[in-house]
Amino acid sequence: DEAVHLPAPPDLSVHSTNMKHILTWSPVTIPGETVNYSVEYQGEYERYYTSSTWIPSSWCSSISTPECNVTDDITATVAYNFRVKAILGSQSSSWSTLKELFNRNSTVLTSPRMKISKDGYHLIVEFEDMGPYFEFNVTYWKKSPNSQKELYKIVREGGSLVHLETMEAGAEYCVKAQTIVEVIERSSTFNQVECIRAQDEFPL
Amino acid sequence: GQEFHFGHCWVQRAILQDLWRAFQSIRSTVQALDNNTDVRLLRQEFLRNASLAEICHLNYSLLNFYLSNVFIKYHTKAEELGILTPFTTLANNFFAILKKLQGCKERGMFSLSESSQRKFQLFQQEFTKLNPEVRLTKALGEVDILLAWMEKAFR
Numbered sequence: 008d009e010a011v012h013l014p015a016p017p018d019l020s021v022h023s024t025n026m027k028h029i030l031t032w033s034p035v036t037i038p039g040e041t042v043n044y045s046v047e048y049q050g051e052y053e054r055y056y057t058s059s060t061w062i063p064s065s066w067c068s069s070i071s072t073p074e075c076n077v078t079d080d081i082t083a084t085v086a087y088n089f090r091v092k093a094i095l096g097s098q099s100s101s102w103s104t105l106k107e108l109f110n111r112n113s114t115v116l117t118s119p120r121m122k123i124s125k126d127g128y129h130l131i132v133e134f135e136d137m138g139p140y141f142e143f144n145v146t147y148w149k150k151s152p153n154s155q156k157e158l159y160k161i162v163r164e165g166g167s168l169v170h171l172e173t174m175e176a177g178a179e180y181c182v183k184a185q186t187i188v189e190v191i192e193r194s195s196t197f198n199q200v201e202c203i204r205a206q207d208e209f210p211l
Numbered sequence: 207g208q209e210f211h212f213g214h215c216w217v218q219r220a221i222l223q224d225l226w227r228a229f230q231s232i233r234s235t236v237q238a239l240d241n242n243t244d245v246r247l248l249r250q251e252f253l254r255n256a257s258l259a260e261i262c263h264l265n266y267s268l269l270n271f272y273l274s275n276v277f278i279k280y281h282t283k284a285e286e287l288g289i290l291t292p293f294t295t296l297a298n299n300f301f302a303i304l305k306k307l308q309g310c311k312e313r314g315m316f317s318l319s320e321s322s323q324r325k326f327q328l329f330q331q332e333f334t335k336l337n338p339e340v341r342l343t344k345a346l347g348e349v350d351i352l353l354a355w356m357e358k359a360f361r
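Protein chains in written order, with this note's numbering: chain A, 8 to 211; chain B, 207 to 361.
If you're looking for bench data, these hints aren't it; they were derived computationally from the structure.
The reader is advised that the hints may include incorrect statements.
Below, simulated DSSO-like cross-link-like pairs (lysine-lysine); rule was C-alpha separation at most 27 Å, straight line [claimed, not checked]:
#1 B/K358 / B/K283
#2 A/K122 / A/K150
#3 B/K358 / B/K306
#4 A/K27 / A/K92
#5 A/K27 / B/K306
#6 A/K92 / B/K283
#7 A/K106 / B/K358
#8 B/K279 / A/K27
#9 B/K311 / B/K283
#10 B/K283 / A/K106
#11 A/K125 / A/K150
#12 A/K122 / A/K27
#13 A/K92 / A/K125
#14 A/K92 / A/K122
#15 A/K150 / A/K106
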C-alpha cells in the first residue's frame, strides 16, 4: 500500500493535578485509518548519563487515543522528558518531544475534600484517598467568644475515619485542612472551614 | 511531613519508601545473579564510630559512584532482565538526592574527612578487584545496604 506521510504528533504537554500526570497531544488524522501512538520517557538521570536511552511508558506502548496517564512513569522529583510517535501499520512518524521538561513538583495541589461528623461527643474527620503521597494537616478549634486555641493533627492517609477530639457538651468545633506532599515539599491551600456542634448534656 | 536527616542534610522519608519499593522489585532478580557471596563491597565497619557528617559524605561519594559507574553500565542489562522501570526509579531518585547533597556540600554542611575518604577508597578497591559484570551485579544487589545506611542516618 502506498506510503502515507505520517507527521509527528504535535502539541505534546503534561497536565498534572494532585500528583496525577496526564500527557496529551494533538491527534494525527489519516482519513479512513486508525492511527496508534507510542510513548517513551527519560528522567534527568538518563538525560545526564545515558542520553540516548528512552524507556517505554508503562501503559502507552500502542494506544489509539491522544492521551497517556504517565503517573507510574514519573517516580522521582527530577525533570522528565516524553516523546510520542504515530504508528500506522508498518509506518512510524518521527518522534515529537515536550517543549518544556516536566517536574512533578509543578503539580497543581487542590485543597482536600473533607467530611466532619460526630459520634457521640467525638469529633470525627474523614478525607478522600488521594494516593500514597498525600498527608493531611488538620487544624481545629473550639469556637468561643474570647480565645480560640488552634490544635493540629497530621493525618497520614485518606479514606478512613479519624478521631480529632472529644467535644464539650453544647460547644461548637471548627475544622480546616490542607494536603501535604512530602516528596515535592509542597502543600495545598486550606479548604473551607467546617463547623459542628456537640450535643447538649443529657438531662438527668 | 517527616524529614529524613542525612547527616546534616535532609531527604524526605517518602522518597526512601519509593526507593525501597523499587529495590524490592529488583532484589530477587539481581541478587540471584551474584554467585560471589563471600565478597561484600559495602561493609558494616564503614559506619562504626562515624560522625553524621562523615556518613553524609560517605553516602554522597557512594551515590555519585553508583550513578557514574554502576547504573550507567547496567542500563542495557536492566532492560534485558525486564527491571528497567524500578531501575530508572532508583537512578532518578539517587540523582535527585545527589543534587540535594551537592547543595549541602557546597554550603559546607558536611566536610571531606580523611576517614570517610579512606572508607570510600576501600570500597573502590574492592569493587575494581572484581570482574566487570560481577561487580556491577554485586553493587546493585547491595543497594539495600546503601538504603539502610541512609535510613540509619535518619534515626
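A quick look at each hint next to the structure:
no.: 1; hint: B/K358 / B/K283; result: 30 Å, violated
no.: 2; hint: A/K122 / A/K150; result: 18 Å, holds
no.: 3; hint: B/K358 / B/K306; result: 18 Å, holds
no.: 4; hint: A/K27 / A/K92; result: 22 Å, holds
no.: 5; hint: A/K27 / B/K306; result: 24 Å, holds
no.: 6; hint: A/K92 / B/K283; result: 25 Å, holds
no.: 7; hint: A/K106 / B/K358; result: 41 Å, violated
no.: 8; hint: B/K279 / A/K27; result: 32 Å, violated
no.: 9; hint: B/K311 / B/K283; result: 33 Å, violated
no.: 10; hint: B/K283 / A/K106; result: 31 Å, violated
no.: 11; hint: A/K125 / A/K150; result: 16 Å, holds
no.: 12; hint: A/K122 / A/K27; result: 23 Å, holds
no.: 13; hint: A/K92 / A/K125; result: 54 Å, violated
no.: 14; hint: A/K92 / A/K122; result: 44 Å, violated
no.: 15; hint: A/K150 / A/K106; result: 51 Å, violated
Checked against the numbered hints above, the structure breaks hints 1, 7, 8, 9, 10, 13, 14 and 15 and satisfies the rest.
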